[in-house]
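Participant: Chains as they are written, first to last, in the numbering used here: chain A, 1 to 378; chain B, 1 to 378; chain C, 1 to 378; chain D, 1 to 378.
Simulated from the structure, these hints should not be mistaken for laboratory data.
Among these hints, one or two may not hold up.
Pairwise CB distance ranges, derived in the manner of DEER restraints [as the list claims (entries may be wrong)]:
# : chain 1 : residue 1 : chain 2 : residue 2 : range
1 : D       : K163      : B       : A54       : 53 to 61 Å
2 : A       : K30       : D       : L79       : 20 to 28 Å
3 : C       : V92       : D       : Q35       : 35 to 43 Å
4 : C       : L24       : A       : D150      : 52 to 60 Å
These numbers come from a predicted model, not from an experiment.
Glycine residues also receive a C-beta, built at the ideal position from the N, C-alpha and C atoms.
Residues per chain, in single letters:
Number of protein chains: 4
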Amino acid sequence: MIVKMSSIATEAEIQAIDARLHALGYKTGKMIGEQVTLIGVYGDISRLPTEEIAQMPGVERLIPISRAYKRAAQKGDPLNPVRATVAIGPVVTGGDDLVVVAGPCSVESEPQIMEAARMVKESGAHCLRGGVVKYRSSPYSGWEGLGSSDQDSLRRGLGLIVKAGRAFELPTVVEILDPADVPLYEDTGVACLQVGEPNSKNQALLNRLRDTPLPVIHKRGNSLDTEAYLLWVERVMALGKENVILCERGITSCNRYTRNTLDLGSVAAFHYQLSGLPVAVDASHGTGVRDLVFPLTLAGIVAGASVVLVEAHPNPLIAKSDGFQGLFPEQLNGLVKAAREVWQVRKTTARDYVSTLALERTYEARMQEDRRRFFPQG
Amino acid sequence: MIVKMSSIATEAEIQAIDARLHALGYKTGKMIGEQVTLIGVYGDISRLPTEEIAQMPGVERLIPISRAYKRAAQKGDPLNPVRATVAIGPVVTGGDDLVVVAGPCSVESEPQIMEAARMVKESGAHCLRGGVVKYRSSPYSGWEGLGSSDQDSLRRGLGLIVKAGRAFELPTVVEILDPADVPLYEDTGVACLQVGEPNSKNQALLNRLRDTPLPVIHKRGNSLDTEAYLLWVERVMALGKENVILCERGITSCNRYTRNTLDLGSVAAFHYQLSGLPVAVDASHGTGVRDLVFPLTLAGIVAGASVVLVEAHPNPLIAKSDGFQGLFPEQLNGLVKAAREVWQVRKTTARDYVSTLALERTYEARMQEDRRRFFPQG
Amino acid sequence: MIVKMSSIATEAEIQAIDARLHALGYKTGKMIGEQVTLIGVYGDISRLPTEEIAQMPGVERLIPISRAYKRAAQKGDPLNPVRATVAIGPVVTGGDDLVVVAGPCSVESEPQIMEAARMVKESGAHCLRGGVVKYRSSPYSGWEGLGSSDQDSLRRGLGLIVKAGRAFELPTVVEILDPADVPLYEDTGVACLQVGEPNSKNQALLNRLRDTPLPVIHKRGNSLDTEAYLLWVERVMALGKENVILCERGITSCNRYTRNTLDLGSVAAFHYQLSGLPVAVDASHGTGVRDLVFPLTLAGIVAGASVVLVEAHPNPLIAKSDGFQGLFPEQLNGLVKAAREVWQVRKTTARDYVSTLALERTYEARMQEDRRRFFPQG
Amino acid sequence: MIVKMSSIATEAEIQAIDARLHALGYKTGKMIGEQVTLIGVYGDISRLPTEEIAQMPGVERLIPISRAYKRAAQKGDPLNPVRATVAIGPVVTGGDDLVVVAGPCSVESEPQIMEAARMVKESGAHCLRGGVVKYRSSPYSGWEGLGSSDQDSLRRGLGLIVKAGRAFELPTVVEILDPADVPLYEDTGVACLQVGEPNSKNQALLNRLRDTPLPVIHKRGNSLDTEAYLLWVERVMALGKENVILCERGITSCNRYTRNTLDLGSVAAFHYQLSGLPVAVDASHGTGVRDLVFPLTLAGIVAGASVVLVEAHPNPLIAKSDGFQGLFPEQLNGLVKAAREVWQVRKTTARDYVSTLALERTYEARMQEDRRRFFPQG
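Work out the full structure: start from the sequences and follow the hints.
Facilitator: Dropping the structure here:
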């Protein structure tokens with residue numbers, strides 16, 4: 001962290017900052033320019049009372065230098081970072097194999113979810129997803145999920161999807177909306193909790209999830225900067241919880257054609273530069289256009305995702321929610337097949353990926369020579 | 001609602017849609033173009049199973065014609081709309097008088113909130129605001145409010161601000177984050193609940209607020225379109241709750257200088273065209289720059305707001321949260337004084353506001369004549 | 001196009017609209033709902049004076065139904081659309097082969113561009129890119145390209161890259177900024193003109209490009225909606241010009257980590273749904289992070305691009321502009337190699353892509369049966 | 001500027017940076033933290049070859065500390081900044097009086113612009129605006145302005161608006177699109193050039209405007225950050241040109257109800273914190289909704305604008321372009337009247353504006369005492 005003093009700050013103010021930082025246990029350094037003085041703060045600034053410092057007289061602003069999301073961040077050698085694996089029941093994400101989580105937008109009935117589970121299993125996907133509480137943007141949409149009316153209905157709804165998952169040996173991923181419901185999800189045998197986009201910044205819910213042993217897929221809010229999102233993920237991980245999966249599902253932009261703008265640049269940044277956590281991509285919400293789910297899911301894998309979330313339905317024409325983006329069974333089959341091939345290609349082409357760090361020394365040694373070659377007149 | 005059929009839809013598909021709509025109790029109309037057929041659906045479409053229809057074979061997409069937020073919408077004669085008033089304790093918003101809600105970002109101690117209440121009262125503001133649970137974007141910021149640890153701490157924190165408010169006859173506005181906490185807010189005497197931006201789409205919380213008699217200030221999420229936000233407000237109002245106050249506090253955009261982009265175009269649209277509910281403007285979060293709160297609050301009033309939310313602190317230099325945007329007491333005094341003058345000017349200049357509807361007939365009658373005048377050669 | 005009348009429109013106003021549309025040569029249809037009347041306009045609405053109609057008394061707004069970009073649009077059978085090929089010299093884009101356009105941000109000297117051309121050729125790429133006029137966002141950056149001072153310098157600069165391209169049999173792609181420069185680009189032998197993002201909506205330039213026989217790569221402006229961009233492309237194509245290549249190079253969003261947000265959802269939409277033109281992806285500007293160019297370029301190919309633009313430099317450490325995003329030669333080699341493998345996989349996995357249109361009839365026929373299966377109680 | 005070294009940078013690399021900076025004439029300072037070393041660069045960094053430095057081995061990134069738009073920036077004492085005035089003919093902007101620039105979207109005929117000028121004069125506005133070349137987003141809109149076909153038509157069109165302006169003693173403001181047209185605008189007597197939003201980053205045009213003595217209204221591009229826009233303004237001012245007027249006309253955001261999002265926070269930032277140039281607000285394009293122009297123009301004045309751009313037409317129902325946002329004459333009269341009152345109120349309420357700088361010392365002196373008062377237990 002750097003403290004930038006205002007151009008009219010007094011010497012006394014500069015010393016007061018310095019003294020306060022030392023009192024807080026930090027070492028400092030100073031750069032005294034012609035117009036402004038900068039004070040560098042060394043050490044673990046995640047515990048620095050930044051607002052107090054920013055408020056002190058003479059301070060213009062704080063300039064962050066290092067990352068504030070310690071747990072969600074990439075660790076280890078930059079050329080060979082440590083990658084976390086997160087288990088959804090017996091299915092391991094973030095490891096050698098691509099993981100596909102598929103299923104209907106919502107659990108509609110026992111025969112529907114049972115048939116959906118069969119479809120998911122037959123496609124070769126690994127986990128079953130399905131919403132039990134499905135509040136919609138319009139409160140008048142009618143269908144809000146089997147489990148929206150009370151705790152009993154929620155228990156029954158969760159039971160149905162867990163039953164279907166067990167029948168086909170598929171661990172289940174279900175969205176959670178209310179912090180009070182965590183025990184019910186744990187008790188009924190849900191394998192993984194999902195935080196949906198509308199709740200990406202729901203602090204009460206995120207705080208509550210620190211305590212559950214279940215893995216959490218935490219979807220990125222649609223207005224969160226790449227790193228700001230990691231700071232919200234950090235809220236779940238702050239007390240030591242480790243089994244969190246990142247998920248890109250689209251942000252808001254100038255686009256009106258697709259439902260959201262799937263940000264694969266951030267997917268690549270998560271995987272290659274910022275975090276060691278497994279990264280999921282959800283092209284169903286990311287495009288909102290059924291026929292774009294195929295190319296965008298594959299693109300997401302190539303960009304860096306190792307987990308795929310996708311909506312599919314035994315007959316999306318009669319789905320009670322989001323059917324317009326749910327794949328037909330044949331489409332799911334095609335997608336899982338292609339996703340596997342693309343995953344292999346990503347692993348193969350990885351041998352052609354050369355990071356800048358690996359080349360810098362070589363080209364540094366040639367700078368003088370290359371300058372002479374390219375600009376012989378200087 | 002209009003159902004646009006695909007260019008390759010069959011006649012049987014078109015008839016199937018028509019039949020289904022009739023079965024649902026709707027009247028329909030048809031337009032048969034050279035390439036596509038459109039089916040119009042008449043009546044209250046808020047109960048229409050839109051996804052089912054959108055899924056039916058041959059349908060390309062649904063095109064909405066009228067608004068889906070019936071309760072949050074403007075009612076009455078367009079030239080003389082019905083305006084709702086919402087009471088925060090004895091203070092009436094949406095009526096003849098501007099209402100200023102001021103106070104610190106968070107309740108920090110009894111002496112601090114008591115002094116803050118005195119400051120607010122002396123400035124001429126009408127309500128006291130202050131957060132008791134103050135989760136921050138970084139989980140490491142340290143201070144998360146007096147009431148964040150458990151229900152007892154929350155009760156004590158709420159008690160402090162209510163006590164301070166009563167000492168200075170100021171009803172209190174406090175943010176709520178967890179649906180389970182509603183009874184505690186009601187019991188301790190909080191006058192108005194606030195839904196913060198991170199929870200603008202928190203369905204579990206919004207659903208729970210349908211039942212409380214307390215008024216709710218529902219802040220707009222920073223990626224919500226003007227009308228999409230009203231649909232989320234509708235979620236609180238869906239079962240008949242009426243005392244809701246809209247609040248614009250800034251959206252996300254290309255801007256990096258201000259913390260958010262205060263969208264006063266939407267404030268004007270809420271007030272003049274879309275809704276009869278009182279509109280609040282929060283320039284503290286809308287700019288995140290203390291010295292811009294003054295001009296933007298005044299601009300917000302001119303644009304259409306009748307409620308002002310503003311952060312101020314007896315000494316923001318020692319505030320535990322968001323002090324950088326909290327006004328100094330002298331600034332709050334200046335703002336409330338200026339806000340009153342601007343409010344009077346808005347009421348005065350309102351006589352110069354002429355809506356298009358009022359003029360259309362006049363200029364319609366002159367169209368032929370004006371065409372001849374301006375384009376004598378035709 | 002649908003004309004939505006206001007709820008207080010008079011019968012005379014509705015008839016006036018209808019009469020005016022008929023006078024303009026359109027057929028119309030009417031839907032008379034309980035609250036509003038809709039008038040449908042049939043025929044080629046690209047010539048409809050929309051503003052005049054929108055202005056007519058009683059009209060609330062116009063609702064577009066079909067696309068206004070006729071030339072840039074996809075043509076043919078939706079399941080088997082017509083795809084255009086565009087030639088850059090002897091290199092054919094939009095056909096069976098992936099085309100890679102590579103080179104430095106700017107032409108810096110004859111030895112530099114000659115070495116760059118060698119690097120491009122050896123990597124296996126097909127065209128050479130390089131800027132001759134390189135105005136930057138800051139006017140103080142110093143380097144603004146070899147050709148920025150006058151027409152002579154521009155001619156010399158263009159001559160250098162064309163010479164280098166010819167030496168290695170690489171047609172050249174160069175950005176153009178001023179409509180007055182078109183003849184110079186044509187005369188010096190540039191093979192393809194590029195419209196950069198800052199000029200995506202530069203009407204004087206776009207109009208001028210209608211007349212040149214050279215192909216044009218028209219980059220999408222960073223705040224243009226998917227389809228709004230196609231309308232700007234249409235400006236170049238309006239009088240019959242056909243050899244235009246679309247290019248996605250990143251839009252503005254909440255992201256701050258990457259320089260722009262590469263919108264691969266729009267790439268897929270262009271290729272699969274909206275246009276038959278070749279689609280290029282520029283991950284150099286799309287990410288602005290050298291180490292993310294590899295994964296995002298590959299992802300762009302999978303999403304639907306058949307042309308790759310990429311910045312590379314014989315030694316980016318001494319590049320005069322945008323070196324931070326320019327690839328090292330080894331990185332370019334790796335990228336071209338991997339891009340070819342990914343291109344093959346895209347062609348292979350295309351067999352698994354199943355469009356909704358192909359399945360709709362099947363699942364339509366099962367709707368009743370599936371409803372009974374999934375909801376036996378009704 | 002601060003150079004942040006990578007955590008794996010070698011001592012030799014650090015010294016190489018330092019040596020290069022010294023060779024370039026800069027003084028430097030160093031902060032050596034536990035993980036990273038920072039090098040501060042002192043002096044006028046507007047001439048620093050930032051990319052070369054950013055490229056040097058061991059450098060992670062450059063962190064800007066001070067502003068790069070020297071000419072467009074605010075000058076003088078922060079509490080009493082120097083404000084520039086810019087003359088449009090005899091009309092002075094940025095001074096004691098509000099300036100209203102009004103007129104139709106486009107010059108349509110001599111009688112139309114003459115009548116428009118009369119309307120503008122009678123309303124009390126000060127300058128006449130009107131487009132002569134009016135390219136639209138769709139190339140098929142038909143009407144593209146009187147002057148779009150060739151230089152002769154352009155000369156005639158410019159002549160018409162200048163004639164109308166002179167008849168009513170109104171200097172004229174006309175948009176320019178092609179750098180080649182500058183002499184024609186100068187010769188025909190146009191008083192002020194306007195750069196429209198689509199050309200906000202048109203470098204060839206901006207460079208050309210450095211040479212004209214005419215004042216320039218440079219509209220902000222709809223995806224430009226507040227300060228990034230000032231850097232584009234700087235391009236016009238780079239060689240010493242001073243008579244430039246800033247203009248906010250709306251940015252792109254999540255909003256779909258208004259045509260653009262008028263960013264009054266940036267208007268206030270320009271006026272109060274970043275620049276001494278006059279600031280214009282264009283609520284016609286900023287909202288695209290005729291009935292919102294009134295409240296948003298007034299709000300813009302309160303926020304910090306001293307120039308108002310507004311579209312009005314003698315009969316907008318027959319306007320050939322953008323009539324939907326053009327005011328009726330009565331609306332223009334009402335707006336100018338109200339704008340004057342609001343301008344007076346802004347000047348009056350300015351006495352209540354207290355900047356943080358003026359208060360910091362007072363509250364600094366009370367920090368210890370206030371800490372003891374508010375937190376007696378420590």
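Participant: Please go over all the hints and tell whether each is borne out by the structure.
Facilitator: Checked hints:
Take K163/D and A54/B: their Cβ atoms lie about 56 Å apart, and the range 53 to 61 Å holds. Look at K30/A against L79/D: about 27 Å separates their beta carbons, and that is inside 20 to 28 Å. A hinted range of 35 to 43 Å is violated for the C-beta pair V92/C and Q35/D, which are about 51 Å apart. L24/C and D150/A have their C-beta atoms about 59 Å apart, which keeps the hinted 52 to 60 Å range intact.
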